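Model the full structure from these sequences, guided by the hints.
The listed protein sequences derive, respectively, from chains A and B.
To convert, note that position 89 of the first sequence is 89 in this note's numbering; the numbers rise steadily by one, no gaps.
To convert, note that position 138 of the second sequence is 138 in this note's numbering; the numbers rise steadily by one, no gaps.
Source of the hints: derived by calculation from the structure; they are not laboratory data.
Check before you lean on any hint, since a few could be wrong.
Claimed, not checked - Computed footprint of chain A on chain B; a stretch qualifies when at least three of its residues, placed anywhere within it, have a C-beta under 8 Å from a C-beta of chain A: (1) 32-39; (2) 106-116.
Stated by the list, open to error - Below, computed lysine-lysine pairings styled on PhoX-like, alpha-carbon distance capped at 20 Å: (3) LYS12(A) to LYS31(A); (4) LYS71(A) to LYS130(B); (5) LYS78(A) to LYS90(A); (6) LYS31(A) to LYS6(A); (7) LYS161(B) to LYS67(B); (8) LYS71(A) to LYS20(A); (9) LYS161(B) to LYS75(B); (10) LYS184(B) to LYS134(B); (11) LYS53(A) to LYS21(A); (12) LYS130(B) to LYS184(B); (13) LYS12(A) to LYS109(B); (14) LYS46(B) to LYS67(B); (15) LYS109(B) to LYS53(A); (16) LYS161(B) to LYS74(B); (17) LYS53(A) to LYS184(B); (18) LYS90(A) to LYS130(B); (19) LYS53(A) to LYS130(B); (20) LYS134(B) to LYS74(B).
Since the structure is predicted, the reported quantities are computational estimates derived from the model, not experimental observations.
Glycine residues also receive a C-beta, built at the ideal position from the N, C-alpha and C atoms.
Below are the chains, spelled out letter by letter.
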Amino acid sequence: MGALDKITHNCKHATFLIEKKLIGRLTLREKIFLRIHLFGCGVCRLYQAQTTKINQMIRQLFLDTTKHDVKLTDEVKKEMQDRIEDELNKN
Amino acid sequence: MNIHIDPHSWVRAHADYLYAYTRARVNDEEQARDLVQETFLAALEKINTFEGRSSERTWLTAILRNKIIDHYRKKSSVLLNADVRQAEDEQTGFFNPDDGHWNSEPAPKHFGIDDYDPLRSKEFDHILMKCMQKLPALWLSVFTMKHMDDEATDIILAELKLTSSNFWVIIHRAKLNLRACLQKNWI
Chain A
1 MGALDKITHN CKHATFLIEK KLIGRLTLRE KIFLRIHLFG CGVCRLYQAQ
51 TTKINQMIRQ LFLDTTKHDV KLTDEVKKEM QDRIEDELNK N
Chain B
1 MNIHIDPHSW VRAHADYLYA YTRARVNDEE QARDLVQETF LAALEKINTF
51 EGRSSERTWL TAILRNKIID HYRKKSSVLL NADVRQAEDE QTGFFNPDDG
101 HWNSEPAPKH FGIDDYDPLR SKEFDHILMK CMQKLPALWL SVFTMKHMDD
151 EATDIILAEL KLTSSNFWVI IHRAKLNLRA CLQKNWI
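Written as structure tokens, this is what we have:
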């Protein structure tokens, strides 16, 4: 396999570089690899678009944490507050 | 005691928030509840250190955050990463082992995410959360510290005792599994 084929075929490495680029920095060599790869690989271009969007979704999910339906039951809450009161009364 | 702090109302005022914060990061309901309870008790013990410079909630969240990191540390050492091996198995078929090319079945395809605006609609949050919580404990911790908390990479390395190459491998692998899970489950 020629050097160019090694770049154009290696989607595993390309997706690794896409992730690295999203939150860090690529070396010059890595940048060149990724540019050549993406030029010829529509699947990895799609991966890049999707993974970028996933990052946005995660960030949004985090911002919305409080609006979630994830809630404690009243029973659990009462237990929690009781433990706190017990500790307060010890002092 | 500072007038801005009132343990009698902690649960009512903050428990749901702290629990949701934990559940986004810990894939176990019971452990998440325990972490919230422990946070309140730990906060009581050091209530004198609360100086009112941040809000009560911010202060409690900082205590909780440290508890969650401890939990990650313990969990990834106790499990000996059996869950990591399982998650790695899930992705062995993603790429051709010889040249690293996508195999056709698991390769990215167009699905609902491509014309979805994450800033406008929230309906897929539960799928996202479900898929995140399928990640191994260590991966989920690296992932949430980076993507949710926007923690500096060197802090994550130090807190979870990872090398930089471990870190990048985890970031990559976690995303491969997460994306595949979304593609599979998106309705």
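Going through the earlier hints one by one, which of them does the structure break, listed in rising order? Violated hints: 8, 18; rest satisfied.
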